[in-house]
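So you can see what is in the structure, the chains are spelled out below.
Number of protein chains: 2
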Amino acid sequence: MATSFAEENYLKIIYRLSESTLEDISTNAVAELTQTKAASVTDMLRKLAEKGWVNYQKYQGVRLTEEGEKIALSVVRKHRLWEVFLVEKMGFNWDEVHEIAEQLEHIESEALINKLDEFLDFPKTDPHGDPIPNKEGILPELSYVLLSDLKENKACVLMGVAKDSAIFLQLLTRLNLSLGAKLMVKEINPFDRSVSVSINDSEPVFISHEVAKNILIKLG
Amino acid sequence: MATSFAEENYLKIIYRLSESTLEDISTNAVAELTQTKAASVTDMLRKLAEKGWVNYQKYQGVRLTEEGEKIALSVVRKHRLWEVFLVEKMGFNWDEVHEIAEQLEHIESEALINKLDEFLDFPKTDPHGDPIPNKEGILPELSYVLLSDLKENKACVLMGVAKDSAIFLQLLTRLNLSLGAKLMVKEINPFDRSVSVSINDSEPVFISHEVAKNILIKLG
DNA sequence: ATAAATTTTTAGCCTCGACTAAAAAATATT
DNA sequence: AATATTTTTTAGTCGAGGCTAAAAATTTAT
Numbered sequence: 001m002a003t004s005f006a007e008e009n010y011l012k013i014i015y016r017l018s019e020s021t022l023e024d025i026s027t028n029a030v031a032e033l034t035q036t037k038a039a040s041v042t043d044m045l046r047k048l049a050e051k052g053w054v055n056y057q058k059y060q061g062v063r064l065t066e067e068g069e070k071i072a073l074s075v076v077r078k079h080r081l082w083e084v085f086l087v088e089k090m091g092f093n094w095d096e097v098h099e100i101a102e103q104l105e106h107i108e109s110e111a112l113i114n115k116l117d118e119f120l121d122f123p124k125t126d127p128h129g130d131p132i133p134n135k136e137g138i139l140p141e142l143s144y145v146l147l148s149d150l151k152e153n154k155a156c157v158l159m160g161v162a163k164d165s166a167i168f169l170q171l172l173t174r175l176n177l178s179l180g181a182k183l184m185v186k187e188i189n190p191f192d193r194s195v196s197v198s199i200n201d202s203e204p205v206f207i208s209h210e211v212a213k214n215i216l217i218k219l220g
Numbered sequence: 001m002a003t004s005f006a007e008e009n010y011l012k013i014i015y016r017l018s019e020s021t022l023e024d025i026s027t028n029a030v031a032e033l034t035q036t037k038a039a040s041v042t043d044m045l046r047k048l049a050e051k052g053w054v055n056y057q058k059y060q061g062v063r064l065t066e067e068g069e070k071i072a073l074s075v076v077r078k079h080r081l082w083e084v085f086l087v088e089k090m091g092f093n094w095d096e097v098h099e100i101a102e103q104l105e106h107i108e109s110e111a112l113i114n115k116l117d118e119f120l121d122f123p124k125t126d127p128h129g130d131p132i133p134n135k136e137g138i139l140p141e142l143s144y145v146l147l148s149d150l151k152e153n154k155a156c157v158l159m160g161v162a163k164d165s166a167i168f169l170q171l172l173t174r175l176n177l178s179l180g181a182k183l184m185v186k187e188i189n190p191f192d193r194s195v196s197v198s199i200n201d202s203e204p205v206f207i208s209h210e211v212a213k214n215i216l217i218k219l220g
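Top to bottom, those sequences are chains Z and R.
Taking UniProt numbering, the leading residue of the first sequence gets 1, the next gets one more, and so forth.
Taking UniProt numbering, the leading residue of the second sequence gets 1, the next gets one more, and so forth.
Hints in this document: simulated from the structure, not taken from any laboratory.
Watch out, some of these pointers could steer you wrong.
As the list claims (entries may be wrong) - List of simulated lysine-lysine pairs, DSBU-like, C-alpha gap at most 35 Å:
| no. | chain 1 | residue 1 | chain 2 | residue 2 |
| --- | --- | --- | --- | --- |
| 1 | R | Lys47 | Z | Lys124 |
| 2 | R | Lys70 | R | Lys47 |
| 3 | R | Lys47 | Z | Lys213 |
| 4 | Z | Lys37 | Z | Lys213 |
| 5 | Z | Lys89 | Z | Lys135 |
| 6 | Z | Lys115 | R | Lys89 |
| 7 | R | Lys154 | R | Lys70 |
| 8 | R | Lys89 | Z | Lys135 |
| 9 | Z | Lys89 | R | Lys47 |
| 10 | Z | Lys154 | R | Lys115 |
| 11 | R | Lys115 | Z | Lys151 |
| 12 | Z | Lys163 | Z | Lys47 |
Working from the sequences, and respecting the hints, build out all of it.
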């Protein structure tokens, strides 16, 4: 079944919201990200449910079905591959590409996206560090990710460090950062790329980009 | 003023039709190329006229205004640059790219299209030999074009040959092809790329691709 | 446990861009 | 010149995807 531009956007946004929680996604949350009103979202969710792409019960929120997730992943794949293209080949900065990729992600051509993937040398992540699903819709296992590449509000666990100099490890200790610590990036400050991180659900503390890029973490 | 997907398509198609005639473009001609019905075209022409992009009087056909032509040229520029990209960088064949370019031509980003132009080394023509407007919307003067690169139903004049071997010129003479002859390609046969050409308004004759690609012509 | 506040849904309406059927204008034919 | 044919426009309708205002359900607070 063909998917419209609008449908693809809804599925993508529900997917994104599902990444950071196991709960059902609320109508309002979707409305905020789609830049529409709750009433419009309700309409669309009913339509998506009819097509079998989401499970939706009134007042109960929404979740993607397996089929819906497949479509969402293909949109996400296209979005992220185009972002790599824009940065690596077109020379855009990482902060300029989102809006353009929002348009390019709806171009319909399996052949094109697979050729693009090859042209870009099958990248595993986009310029923001988000993983790119392969053509089967499978997200690559990113065993280790740098804390500096993590998005806001993603749960993760500290798995190691990329530098083991004494002063660096002393700093980590002082910040209460130890192996196995549960981390969540609450805020990324564009000015100096410093991050505000909650450690084991505590109040967030500031960590410089220099430190963050030497911390290895595992998602989830 | 922002242009919708549909509006851009109409302007582009009116532009294409205007290329091969000086007369006003008929509602039916537009309907055929947009794959819509005449009634729908009438509606849209009224809207385009209101926005100042076409001159339109009921029953009199339509022409682009200067502003309308500017928009059309920017869509054509995008379409043709993306076609070059698809063939040169993505490895598509010249006959596979039209549908994908029909989608890509509506991506809205001046910055992207100019970077793409640069990435492709400022090509003058697309893979089908059509000229690519520059960023000011000016079509390059293609002083000489190969007959083999010409589209169907474009008037042109024989301006020279790319090969001057005796047997080649003898063949041209036999076909009544001489300098200054008025030519129009009536049909391109995909099988062997041979062309059926009307010479000085005569009944069309068949010319092989091998011959056509050695004939230099001037448009118009 | 009730009342208050918030979230979600319903109902009705709007614009865009298409459609069909019928009317009107333009063009072609005798 | 009158009639037949073709082209174009008008009138009315439809679906997609939005909106607002009001109603209903859920959640939070007292």
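Verification of the hints:
Distance check on the hinted pair: Lys47/R and Lys124/Z sit about 46 Å apart at the alpha-carbon level, beyond 35 Å; violated. With a C-alpha separation of about 17 Å, the suggested pair Lys70/R and Lys47/R falls inside the 35 Å cut-off, and the hint holds. For the suggested pair Lys47/R and Lys213/Z, the alpha carbons sit about 54 Å apart, so the restraint of at most 35 Å is broken. Pair hint Lys37/Z plus Lys213/Z does not hold up; C-alpha atoms about 39 Å apart against a cutoff of 35 Å.
For the hint linking Lys89/Z to Lys135/Z, the alpha-carbon distance of about 21 Å falls within 35 Å, and the restraint holds. Of the supplied pair hints, the one linking Lys115/Z and Lys89/R holds, its CA atoms being roughly 9 Å apart against a limit of 35 Å. Distance restraint check for Lys154/R and Lys70/R: the Cα-Cα separation of roughly 22 Å lies within the 35 Å cut-off, and the hinted pair is therefore satisfied. With a C-alpha separation of about 20 Å, the suggested pairing of Lys89/R with Lys135/Z holds against the 35 Å cut-off.
Our distance criterion of 35 Å between C-alpha atoms is broken by Lys89/Z and Lys47/R, whose separation comes to about 39 Å. For the hint pairing Lys154/Z with Lys115/R, the CA-to-CA distance comes to about 34 Å; that is within 35 Å, so the pair holds. Using a Cα cut-off of 35 Å, the hinted pair Lys115/R and Lys151/Z holds, with the two alpha carbons roughly 28 Å apart. For the suggested pair Lys163/Z and Lys47/Z, the alpha carbons sit about 51 Å apart, so the restraint of at most 35 Å is broken.
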